[in-house]
Amino acid sequence: MTSVITGIGMLAATGIGTEALWEAVREGRPGIKQISRFDATGYGGGLGGEITEFDAATWVESRVLVQTDLWTHLALAATKMALDDARLDPAATDDPYAVGVTTSASSGGNIFGQREIHSLWSQGPRHVGPYQSIAWFYAACTGQMSIAHGAKGPCGVIATEAAGGLDALAHSRRVIRRGTPAMITGGTEAPLGPYALVCQLAGGLLSRTAQLADAYAPFTTRACGYVPGEGGAVLVLEDSQAARQRDATAIAEISGWGAAFAGRVPAGAHDHAGWAKTTPALARAIRAALADARIDATDISMVFADGVGIPHADAAEAAALHAALGAHAASVPVALPKAGFGRLHAGSATIDTALAALALRDGVVPPAPGINDPDPALGLRLVTGEARTVQGRHALVVSRGTGGFASALVLSRTT
Amino acid sequence: MTRRVAVTGIGVVAPGGIGTKAFWSLLSSGRTATGPITLFDPTGFRSRVAAQCDFNAQAEGLTPTEVRRLDRHIQFALVAAREALRDADLDLSTVSDRAGVTMGTAVGSTIRLEQEYVIASDSGRHWLADPHHALPFLDQSLVPSTLAAEVACAAGIGGPAMTVSTGCTSGLDSIGYAYQLIEDGVADVMIAGASDAPISPISVACFDAIRATTARNDDPAHASRPFDAGRDGFVIAEGGAVLILEELDTARARGARIYCEIGGFATRGNAYHMTGLTREGLEMSAAIDDALRQARLNPEDVGYVNAHGSGTKQNDRHETAAVKRSLGAHAYRTPMSSIKSMVGHSLGAIGAIELVACVLAMQHALLPPTANYETPDPDCDLDYIPNVARQRQADAVLSVGSGFGGFQSAVVLDRLGRRP
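Which chain is which? The protein sequence lines are A and B, in order. Per the working numbering, residue 1 is the first one in the first sequence, and the count goes up by one each step. Per the working numbering, residue 1001 is the first one in the second sequence, and the count goes up by one each step.
It should be emphasised that the hints constitute simulated quantities derived from the structure, not laboratory data. Possibly wrong hints are sitting among the right ones.
[Unchecked claim] Simulated coverage check for chain B against chain A, where a stretch passes if three residues somewhere in it have a Cβ under 8 angstroms from a Cβ of chain A: (1) 1026-1037; (2) 1257-1269; (3) 1370-1380.
[Claimed, not checked] Ranges between beta-carbon positions, derived for each pair: (4) A/Gln-241 / B/Pro-1378: 17 to 27 angstroms; (5) B/Phe-1040 / A/Asn-372: 35 to 45 angstroms; (6) A/Thr-415 / B/Thr-1065: 48 to 58 angstroms; (7) A/Asp-94 / B/Asp-1381: 48 to 58 angstroms; (8) A/Asp-299 / B/Tyr-1272: 21 to 31 angstroms; (9) B/His-1273 / A/Arg-177: 26 to 36 angstroms; (10) B/Ile-1119 / A/Arg-178: 40 to 50 angstroms; (11) B/Asp-1218 / A/Asp-89: 28 to 38 angstroms.
None of these values were measured; they are calculated from a predicted model. Every residue, glycine too, gets a C-beta built ideally from N, C-alpha and C.
So here's chain B without its partners, still in its complex pose (with noise of 0.2 angstroms):
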């Protein structure tokens, strides 16, 4: 007997607004937040351009302890996780052994390493870092498994914990390893997202030295074009979000609101180059098909894809040839569009971002527009939802990913009844 996995609570922060409400607003309406980088000084930088969140800490409920110890990644993923948690209306203390967490982070605590690297080296002044600077907590963010131990700590679960790196398909690779987690029985509830807050100097002077990044910083409000001619570069981007993943039996048996089940997931690598895609997509489009398989459904059924839409030249062209792969004839009559247009790409939280914009899509009947879509590119000949959302009710929801290092995801969201 096949487990099923039922998504019964969301919860986002992203630049635009915290919480589902403020996203879906922002999403709906087709509006951008991306600016002018302000959370540091970006002056002699490339880039000077980001999707930033209006985050005020304590006003979310942080403790000043937590706001001191914790990297600003790991403070959107709780801010995130109470929400999922709220709106799946669920009590995990009696089921905490049952319960696991998977957060997928791309760069983890950088911001907080920076920093303290800063103080402790003078300011690149001494690369023997002074060996007493012990701010307390430090070699926490050392490491990126500090993002789930957090969330875990916070939601007092028993069960397995993991957080997931993968660069910028963490976020579907996390929700995806948790949905695998529920399929074969080690656990029944999960807390899978995704957080990242690169908005540093680090981070945004290591995509400036490649020009992934927008150079579009006399127009910001416009600079991520995903799918457009005019496309330069994906705009850089912080936020988190979190969904409450669970046995479809076990979900039903307590009355939860059931949002749609997880379908399917995969992953494949392109072995090819760190940064580069082939033009054909076709390890991307192995993972569609991997994924609709698991998810016994065939391309027609798919109704609106959520794309990876970075806004880079070579991705947007790569991820169009991938869909018209797995989906045939039926790519041209399929919506599809980029979020990013409006928040930004924040690395490895954007794909639990986008489920979460999945799921909302899909309970609201309305499918989000890719935002600054003016001039079409002969290689991105998709319908791309210019502009303007689209009422629209997608029975199944197919959203991808693609990553520094090669890696192609996608997971594919299904209303309940379709399924025996």
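One chain only, chain A, in its complex shape (with noise of 0.2 angstroms):
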């Protein structure tokens, strides 16, 4: 029993809409600049993948509109052009458990939270409106994506910060295994409000600079952090026979998946030691991988690389793809779309999954936006520059979470 993708939703600050933001991938389109919703000076280097054409109005339900955060809105927003790409209407199906959703959460709503703490601490409990209880948490998205489709099947919210979007299609996997024969499957982020920054900047990781060309260049000599970015995607998983009874097209399979705990990371950028325990991990991660997809290392034809974007945390990064890959590490080309519109958290692994899936069909291999420079001590094959032509049968995504998580996922082609 297999699981494949059947369609694709997705969007961030380079792109709305799943051919959009893949065509602003393949040509390395750079998205990250000055954040424009508020006057973010002083939070590090004020920058930020925004998305800033996104009207949520033509997504979301004028009434679902004011009882949802930012990222639910991105959320529904990919959901409908994934359900619109699978041609599916989880409402119309005969069986009404037939579809579900997983996703993966990590700040959750915390624009909307901020802004009723606030309310709380500046006027009174009176103040606190009737939907911080249904917008803040981290289950609002699946809630809304499943009320707003009319998916009654399993529903699911796993959390593991940026390996959450791989964790959660391994979970859809596991549902649609055990006779579910759809799940709606992804995350997104919105995490640029003021107090949300606040927290990423005591973690150390984000970058301070406000240099356009430096603020987020990891596998170079010049990173400084990582610049978060706002969106995610939504994915339609299927059992791959009940895709073909209604001749949907299989995109790619969901083939192999793996993932580890690292270990107590305190991991500051300076932390090398921590990083470094980071590297079994991962490599371990990847070898589950392999092996549930039942494939080589020398089968891998792509990689989408995690790429934190800290010099220790970037190392220790290539060290376990040459550990759980081998030889293999240094030729296969190395991905890196997110350089263009930043870490999305709990969307980026799911971002990179679906652009993987779309690499993996078109036969080409995005470049890294403005990067040009990577460092030959890694010992990586960093697409840069232009698009690489690559026919490939099956492509690796890596993503690690903050804390100590590390997961890698296998995608295959179906034909």
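Two chains, two separate frames, one set of hints: put the complex together.
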């Protein structure tokens, strides 16, 4: 029983909609800029992968709009795109439980939550609105997605920070193997609220420079932190037979997954020993994913990297790829599209998976925007400048979540 | 060959007592642990009742650094996990890469997030909160994944770790996901549980705003009244619980004491309303049916139902309808109780706490009661074990949960020996 992607919805700073964003990614368009939502001067470098053209009202019912955070608006938009792409209407299936939902969550509805805590402390408890209880909590997206489309199947939420997108997909695959024909699965993030940035700054990994060219430059010697971005992706994952029966197009198969825990990773920017612990964990996750997919390291034709943008973190990731892929790590093309739109936390790994599926479909690996000088000491073939033509069968997506999480996913072409 | 999943250890931090012994003493006596909120000054709030844990972190063995670094819900989780691991008498060092963690939480580190926001915004004076308010580890309070990470670190596991955050079904779902990971061969041992510490101004205020919590402030000891006609909302609570799950043959091979096995787990969405429930309970009933099917049990095999029983008007009615739909006539013969009458509703944690209660009920052949049950409600006409625990050996137990977002979950526990 195999699980295939039959629909993709995605949005980020460089594009709203699957084909628009995929075109921007293929061309390596940069999208990180000064945050415009509020005066972010002093919040590190004040930069972000902000989605400025997004009109939530075109995607979200007005009643729901006021009950939800931007994070959920993004998820509902991506969900609609994915279901349209898959030509699937969960409410119209014969079995009401045929379609379920799983999302990954990280900072939740942080802007909505900040506003309500602000009202509470500036005006008193009676000024907290009725929607705080459903807008801020981490399950808000799954619930709203299920309600918006009548998806009554198994509903879930997984949180492993930036690894969450992969773990949510793996969970959806487990649900499908147990008999649910289709899952709506993905993750989004809106991490550019003032308080969310204060929290991220405390972690010491957020980029503090206002220089656009250097702000987020993973795998280079210039790397000085990450820039957070808004957006994410939602996929329709389907049992391959169910997809065939309704003549849906299988874009790619989720053929392998592995996850491991690194142990305590205090991991400020300068904690070499902490980051080094992520190497064996990520290598274990990759090996488990390859074994699950029943393929060898040399079968991997492209890697979508994590790219924290901290030298110790990037070195630990490169070491994991070398450990798990052997000599093949030095020649396989490595993609880092997030250099163009920032780290999307809970949305990060799902959007990488979506882009990997399109890369396999079109036989092209996108370049890392703004990066022309990968550090040769890392021994990786980061794709820079222009997209590279690669006719491959299998893509590897890797991601680490703050706190010690490490996950890997293998995507395979279905034809 | 299907891999089966055994429960070999339990640990709990709950209102009324830390540890399974104190917890069981409370439940079997029918006493309640609800009272006035003292964790903060609730003047001006609509609901001022809660079930709080009498928790002294340092006395429980946490270091001053851990207390400073970790939100209260994570402190509960560490203490519960430690008790569960000790109870399972399990040395993880040799199997660490085959051991994982799933931990549920509905609201994560909200206490810490709120406290620090008050400082960073100067009590709500500055929307542009101070970017230099760099409390170490504040970034970890922003995300719910920190709960699983801390439990995984403390236990020293190297397999998959994840936080499950499906609101008030987080506890059941967390244990359900762990069960699936062992079934599928991803792990042989899982530390599975949930923890929440939501007794803070913002959480109490947000439930005030939708009148979901009780306003029985003049009688807090009797404020949590599941299935009683006089119920007027849930009592917010805190706590945490952890179960150790092991692949059955592995557990047998090491001679582990096996409490029971996880027979089945299922969840459904009602796709109806974020907080509203239908009268019929179709989706919860579908989850129950699926969990019983996995356990290869008939409705007649269920000897006890651990209810969600939150004590809101709509929940108890909804749930009663769902159980009747799934168990049919047998529903009227099946004792069903809500321990929330005694320990309140600790949001994401309660599902795990209730499963620990189910394990103890099977072990002691004693079913915990529904406290504060005085006046029957015609919409809730099952046997709710009023006020006094009942001696009865249940061989199969069903525990259900329901939460914001429309999620409906069911877990079946089964004593060993029924299945070949």
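Earlier hints that do not hold, by number:
The structure conflicts with hints 1, 3, 4, 5, 7, 8, 11, although it agrees with all the remaining ones.
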